[in-house]
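Listed below are the residues making up each chain.
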Amino acid sequence: MPWQIDMIVLFFVILCAVAAITVKDLLSTAILFGAYSFMMCLLWAVMGAVDVAFTEASVGAGVSTVFFVAAVFRTSRRTKD
Amino acid sequence: MGMTDIIPLIVAKYNYWLFVVLMMIGLYAMIAKNNLIKKLVGMNIFQTAIILFYVSIGYKSGATLPIIQNVHEGHGHAAIHAADYINPLPHVLMLTAIVVSVATFGVAMALAVKIYQRYHTLEEDELRMRLSEK
Amino acid sequence: MNTILSIKPLLAVLVSLLVIPVLVSSSDRPNVRESWIFIAGTITLLIVLSMLPVILDGNQLALTLFEIAPGASIAFRVDGLGMLFAIVAASLYIVTSIYSIGYMRGLKEHGQTRFVSFFALAISATIGAAFSANLLTLYMFYEILSLATYPLVTHHQDTKSMISGRRYLIFILGTSIGLVLPAMIYCYHVTGTLEFSTAGIFSDQLSKPAATVLLLMFVFGFAKAGIMPFHSWLPAAMVAPTPVSALLHAVAVVKVGVFSIIRVMTGIFGVELLSTYNLGVVVMCIASFTILVGSCIALSQDELKRRLAYSTISQLSYIIFGVALLSPQGLLGGIIHIVMHAFGKITLFFCAGAIFVATGKKYVSQMSGLGKKMPFTFTAFFIGALCVIGLPPSGGFYSKWNLILGTLEAEQSIFMLVLLVSSFLNAFYFLPIVYKGFFEKSNEEDENMPVKIREANLCLVIPLIISAIISIVLFFYPTVFVNLIKVGLAI
Amino acid sequence: MNNYPALIVIAPLLAALFAGLAVWIEDRLSYYIAILGLAVSSFSALKVLIQVIESGTIQYKMAGWDAPVGIEYRIDLLNAMVLLLISGIALFNLIASYKNVEQEISDRKGSFYTIYLLFVTGLLGVTATGDLFNLYVLIEITSLTSYAMVALSDKDRGPLASLNYIFIGVIGASFYLLGVGYLYMKTGSLNMMDVADIIASQHDSSTVLVGFILCMIGVWIKMALFPMHVWLPNAYSYSPVAFSRVVAPLMTKVMVYVMIRLMITVFGFEYIFNTLHLSEAVVWLATIAVLAGGVLALAQDNLKKILAYIIVCEIGYMVGGAWLGNQSGMTGAILHLLNDALMTFALFLGLGNMVYMLGKVKLNNLQGLFSRMPWTMTGFVVAAFSIVGVPPTCGFFSKWYLISGAFEAGAYHFAAALIISSLICAILFFKVFEICFFQSSPDLQGQGHGHKFQVMAEAPVSMLIVSNLVSFSLIVVGVFSGTIVKTIILPFLQGI
Amino acid sequence: MKFFGFVVVCLVGGLLLYGTADFPDWGDPDSPASTHLSDIYIEHAFEQTQVPNIVTAILADYRGFDTMFETAVIFCAGLACFLLLRDFKERKERFYRHVPTGVILHVKNSKKALRVGRDFEHIDKDWIPSDLIIKTVCRILIPFIQIYALYVVAHGDFSPGGGFQGGVIFGSSLILLAISYDLKILVRRIKEKVLGICAAAGVLVYVGIAAICMPMGKSFLDYSALEMFVFDPHHVRALGMLGVEIGVGIAVAAVMAIIYINIVSEGRHDEGL
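Protein chains in written order, with our numbering: chain D, 1 to 81; chain B, 1 to 134; chain P, 1 to 491; chain E, 1 to 496; chain Z, 1 to 273.
No wet-lab data here; the hints were simulated from the structure.
Take these hints with a grain of salt, some might be off.
As the list claims (entries may be wrong) - Rough simulated footprint, nothing fancy, chain E against chain B, three-plus residues with beta-carbon under 8 Å:
{"no.": "1", "region": "48 to 57"}
{"no.": "2", "region": "90 to 98"}
Said to hold, decoys possible - Stretch-level coverage of chain E by chain B, calculated; a stretch enters the list once three of its residues show a Cβ under 8 Å from a Cβ in chain B:
{"no.": "3", "region": "146 to 153"}
{"no.": "4", "region": "168 to 174"}
{"no.": "5", "region": "180 to 192"}
Note that beta-carbon positions come from the ideal geometry of N, C-alpha and C, so glycine has one too.
This is chain D alone, in the form it adopts within the complex (with noise of 0.2 Å):
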């Protein structure tokens, strides 16, 4: 496998990571955390786990993301760091 590829998603895995926490919205957090989460199933998918990319898939970038949506939602986006 190219690792190349691979070094590049990993990449943009790291920068949504630190920007997910440094981002100073909540809502924005859980969009970039989606994003995370997306980045990391493409990552797992070329390393062959597919199962484990599905599932991340499903549950990082889809209900976790809702999660942190609905959680957002009852209380609040303001952050101070």
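Dock chains B, P, E and Z against chain D, hints included.
Showing chains B, P, E and Z alone in chain D's frame:
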């Protein structure tokens, strides 16, 4: 060690190093962030990093998905070579780990909502202030 | 010497333990409750006495209950020393229980059921300590005794008793957990056994410094013996009702402490090892210090019970002093002082209690002229005082005589001086009380006393007469106890 | 086919599910289902223990697959004992808890019982399993249920405590998982015995070392060893009392079991004590934990918190004992695991009775308790003495082994810490007793015989019987500790 | 705290990196992890279980015991959310919309819900979904999503996917319904009781199938004991796995819905996203 040695080393290990980086990001967020939801995000990053680690263990160059191919109805399938398929065990383990993490995440979110109901904030310093006021 | 398997020691311990549920269940019928105490006390004494002939023949009774680790078990063994102590405890238990009935009812104390229950538990533990076959069992009963006496000491449940109780616990539990426990486990670690044996359990594993430290840990650790500087719980504990002070602080608690030290010195270290390392002198110095200082402080006390308490502190060290002489006469004198002092001191405490119940007076300075009103009480007090000072015709003379002989035998004649000085001091703090009682005129008699003072009720007077008589009888017939000691230590 | 090993874990799981269904019919039904499930489980555990004592280790193949391929339950003397302990305590607690649950969580009783059973299932599974990953999954079940329980108390700051518990708990579990990953990397296996065989030849590998450290840190976080203890006091004191009574004695103890299991079965003494030279450092850590736990307990004014910090202190005992590296120390640690579970259980049973009658257990709520609740206090006092280490209660005997182990290993500081902590516990409990004994509460007084006295207001009989029974068992276990050591612990230690 | 976090993170990172020094290369086919157990599974899974997707075979059979507890974890999470958040009190503040005019009524402190005639509808306080396009698209989409979920469950044996993924997808379809219309529709269509029972029953299907094997004389979870119940004994393991996957699917779908509903309505089950 010359340039020529470093590249194979990086190729051989970078995946593991980056998992460490990812894990450090998650752990840092869990410890140092002020907002509870941010901490939860950190927790999730931390957990996915571990999953990444396991999936990396399972990867095998020159092999394909762990689904047996050429399965014909009935009998006489071709002999199966272990080298052709990626190690399936870490995948199984990580399916379980993902489920556990989403379960924890759900409960944590429910708790966050509950905390917000009571204190109207999710910032840790403000929470601490509210508690000491009592 | 034969060792006979017997269940009797266990029974002796269990009787007063098993009577507790009965006491609790009959808490609203005081007469029934108290007759149960009396029955339990009698049975205990009978069981103890039934073992006496066998022991005097030079046999031992033994019973192993539970093996905790190889060499460390919960086991009973009755030998001469244990027998001696058990007889004293069991017989005085009966006397005291009669006395406590009178005392508690006389003062209309609250929580009498709790009181008698823990009293029974304390006696059970005392007998258990007497019959322990090894250090572990002894330690167990020692701890149970400490905890069982706490509610007795703090019986009044007021701030004063809380503070005394706190001091009591800090000294007793603190030393036993902090010093005895590690020392005991260290012994076990070195030798793999904790059984008492006259030869000691160490062969040559201990160097002299280690042995010294270990011995001191034990001597100070068994703080019930009141060795200074771990003595101050004893005067504090005098806030307890007098029967408690009497039984526990003349017999059970303090004597268990002394008994434990004797056991450790004779059974764990062995006389031989101690004299090889010359450790007896060390202990003797500590004991002499306590004897003298204790007596001096007693002189300055005005509250009768506190004076008795300091007297106890110094008298206890006589016993340890005797044992530390490491000579046959010294051992004999020291150990028999357990008996003599027990009867003498309990008489004194009984008198103090009786005076308090009858007159409400606690201080020596108030006691002028009481002797004519309470002749029995003050006569008994006089006999008790003689016994503690060590003058004939009381049992105390016998033990002091032997102690002095012991110092000569051990060629420690300097220490004889300690005994003599202390005896003078004893006389100084006791005899004035008697003198006041009989010969001084009470100055407040006519105008301030609406109620006529007379002897306390019979339940209080009879026990003190009995114990006073025994103190005298012991002067003439100490043979049984002497034989027990000879059998027990093979001297 | 001997299915008892599986039944130990499956019975409460099935009961949990049926109780979860019964919630929708009738809450009370789920209580009886829970009792039944735990009774079956305890019975099976007893059976298994007897079998193991008679005929040695039992292996039970889940799904019929042989060990490294499938998951196996491998029950030897150690976990047979712990299994019986867990199921027994869970059962007794359930019996005692009926009234507490009625009082505290009246509107969601059924769900409470379901969660409770799932928690117990998790503990039992952790103990029975012979597979490293299965252990992780079951740890997560226990954690998730305890998160839910801690957050349940509405009146206090439960949710916040629970969320912090989640963060730390997840870190702990993840560390363990990472450690397993590192081991898997070098061995390719997850079965404990198999892993042990393979790493026997890789003692110099840095990966194995890091795997070991990660596993240990993970387990330590979960068991609340001193610097990692911060979650425990809040978590335990905010959960409903019916739950804290089972989580306090068992959760940490099961984690200690996991640590001992990893040390003995997976890595082996040879590796831990001869190849690595960590034991001295860990014993020091344990020493600090013992002292710090005691000192922190002294600073509390709530009985629940005091007991929680005592647990922190006791954890130090067991960790230290296990890491002394000699037989006495390990014997002490295992014996203390058993004893401490019982002692803590007895203490918390007493606490439960107090909470039921008084509502709050701040220290100044406890006035006059000896007269108000004499039976409860009897049990409580015995348990407290056991913690202090007064013979013949069981706490003394495990301390005995621990201290002699410390002497054997030359770890005098650890022995000193044990003794100091005993003293601290004595101070602590007598501080409580003084309040209960000397002060009388302003309410609930009666007049009579010229003295004021407290009116007795004792907890329900079902609770009293259990609490006094358990306290009595402390003495029984104490005097038979020699037998326990001889039939269970020593054969186990010699068998490895 | 930041500094402390940084130090801890660096320490942990250093430790982990130190451990990687001895790792086999990434993707090395000869590493222990890829040879020891992995080979056994790859070579024998199909022949032993008749399931070509090795991951499913391990998940539901070799390590089916793990998966059972994994399902229990999910059930537990659902139950936990229910326990923590469920609040049976009704909101006192309500909004009603007069449909023909669009006028909104704000009712404070009402003990009970007003009886709503044909002209009024009860609307949410914070969220008034009324986008026709989204509604229509979702209405068309949801059945397909659900069918896809069923496919994923049923085809777990042959292709990626299985009970868990299928369950999550089914659960998301329910959540989608709630988002695109409103929560009341979902709650009205699928009662809380149904969800609760499904969650427990799903896990029970799994544990039940596993437990039946014990009285049949095999060990727990050994599907081969079920031969007498199935038409095709040759595929008994595959069928057993299908059974447990269905159980997982039911449980997961129900739990996802429970968690979502409870979080989004703060446990009141009336209004929400």
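Structure-based check of each hint:
Coverage of the region 48 to 57 of chain B by chain E holds. Counting CB-CB distances below 8 Å, 4 residues qualify, and the rule asks for three or more. Look at the region 90 to 98 of chain B against chain E: 4 of its residues bring a Cβ nearer than 8 Å to a Cβ of that chain, three or more, so the hint holds. Coverage of the region 146 to 153 of chain E by chain B holds in this model, with 3 residues showing a Cβ closer than 8 Å to a Cβ of that chain against a need of three. A count of 3 residues in the region 168 to 174 of chain E with a Cβ less than 8 Å from any Cβ of chain B is obtained; the coverage claim is therefore met, three being the minimum.
Taking a C-beta to C-beta cut-off of 8 Å, the region 180 to 192 of chain E contributes 4 residues in contact with chain B, enough for the three needed, and the coverage statement holds.
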